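Using the hints provided, position chain B relative to the given structure of chain A.
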Amino acid sequence: MSSPEQRYRRWLHLYPKAYRRHRGEEILATLLDASSERGRLSPADLLYLTVHGVGVRWRLIAGRWRTGKLPRSVYVATLFIALLASINLLGAAFSHNGPKNQSSHLDNVLVGLVFVGLDLALWMWKRPLYPVVIGALVVLTATSLVTVDLLVDSSAVIPLALLVIGRQRYLAQLPIAELAQGPRGMT
Amino acid sequence: MLTALADGPRHGYGVIQEVERLSEGRTRLRAGTLYAAFDRLSAEGLIELANEELVDGRLRRNYRLTLSGRTVLSAESRRRMAISKEALRRLRLSEGSA
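Chains as they are written, first to last, in the numbering used here: chain A, 1 to 187; chain B, 188 to 285.
Read the hints as simulated data drawn from the structure, not as lab findings. A few of these clues could be false.
What the hints assert, rightly or not - Label-pair ranges, simulated between beta-carbon atoms:
1) A:G117 with B:L236: 34 to 42 angstroms
2) B:D243 with A:V109: 50 to 58 angstroms
3) B:T258 with A:H13: 32 to 40 angstroms
4) B:R265 with A:V109: 52 to 60 angstroms
5) A:L106 with B:T258: 51 to 59 angstroms
6) A:W58 with B:G195: 29 to 37 angstroms
7) A:V54 with B:A193: 25 to 33 angstroms
8) A:S2 with B:L241: 19 to 27 angstroms
9) B:E207 with A:A82: 41 to 49 angstroms
10) A:S2 with B:R266: 45 to 53 angstroms
Unchecked claim - Going by beta-carbon spacing under 10 angstroms, a handful of chain B positions derived as facing chain A:
11) H198
12) G199
13) I203
14) Q204
15) R215
16) R217
17) A218
18) G219
19) T220
20) Y222
21) A223
22) V242
23) R245
24) L246
25) M268
As the structure is a prediction and not an experimental result, all values here were calculated from the model. We put the beta carbon where it would ideally sit given N, CA and C, even for glycine.
In isolation and in its complexed conformation, chain A is listed as follows (with noise of 0.2 angstroms):
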């Protein structure tokens, strides 16, 4: 079994790497002492903390977005799968006409909801998880091509391809790899 230490710099994953740099061991120490006094830290705590990680994670993204710094493919890309979020959830809204309608596309609600979540992952996740990433666009891709409209079907190639083609050099300029540079330390 892991020790608190090394459960909550798993936690601590949450935040950017250069955040880490920057404050990981204060935050781990802090952590710590919560849980030594207090028996172990409560789910509160952990959520507090999630949110707090991914908030510092987007006002990076916000920044980096807002400034221009990003590769076109990136800006390409991701309004693409935002388009295609939007296409599923606003069809998926005009088309529904209430609860005993047979037909209320909650597939297309589902998809879109993933694809925002797509579009999400594209900006958080580190490199090695990136071609789960791409098989989740595969397998939405094929699986949309039953339950939404062609529209849909052929909007979705073109991000799909875009991500192929351009991945290196999309993924050597994501926005975590670009952190600025903190003083050593934690990891």
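Coordinates of chain B only, in the frame set by chain A:
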């Protein structure tokens, strides 16, 4: 949180304990909330790093109020004190007329 740092530098868990003590147990800061606030207060120039030390192999960073932080805390405390005084004055008035 600024009040917890008013009498001198404190590290993260020290701030958590002090806030809990000041609020008589009603406010219990979590580490995620604490460091979100540290980020914001540092960015606003209200707190700064005082020093750092290793205690039992753990990194402790102590934070303190900046001059700007002291000014903001002082102004906010006076404002709240004025509101409290006014509330007490009105309560006394209403008790006198009842």
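Verification of the hints:
no., hint, result
1, A:G117 with B:L236: 34 to 42 angstroms, "holds (37 angstroms)"
2, B:D243 with A:V109: 50 to 58 angstroms, "holds (51 angstroms)"
3, B:T258 with A:H13: 32 to 40 angstroms, "holds (38 angstroms)"
4, B:R265 with A:V109: 52 to 60 angstroms, "holds (53 angstroms)"
5, A:L106 with B:T258: 51 to 59 angstroms, "holds (56 angstroms)"
6, A:W58 with B:G195: 29 to 37 angstroms, "holds (34 angstroms)"
7, A:V54 with B:A193: 25 to 33 angstroms, "holds (32 angstroms)"
8, A:S2 with B:L241: 19 to 27 angstroms, "holds (23 angstroms)"
9, B:E207 with A:A82: 41 to 49 angstroms, "holds (43 angstroms)"
10, A:S2 with B:R266: 45 to 53 angstroms, "holds (49 angstroms)"
11, H198, "holds (8 angstroms)"
12, G199, "holds (4 angstroms)"
13, I203, "holds (7 angstroms)"
14, Q204, "holds (8 angstroms)"
15, R215, "holds (9 angstroms)"
16, R217, "holds (4 angstroms)"
17, A218, "holds (5 angstroms)"
18, G219, "holds (3 angstroms)"
19, T220, "holds (5 angstroms)"
20, Y222, "holds (6 angstroms)"
21, A223, "holds (5 angstroms)"
22, V242, "holds (8 angstroms)"
23, R245, "holds (4 angstroms)"
24, L246, "holds (4 angstroms)"
25, M268, "violated (31 angstroms)"
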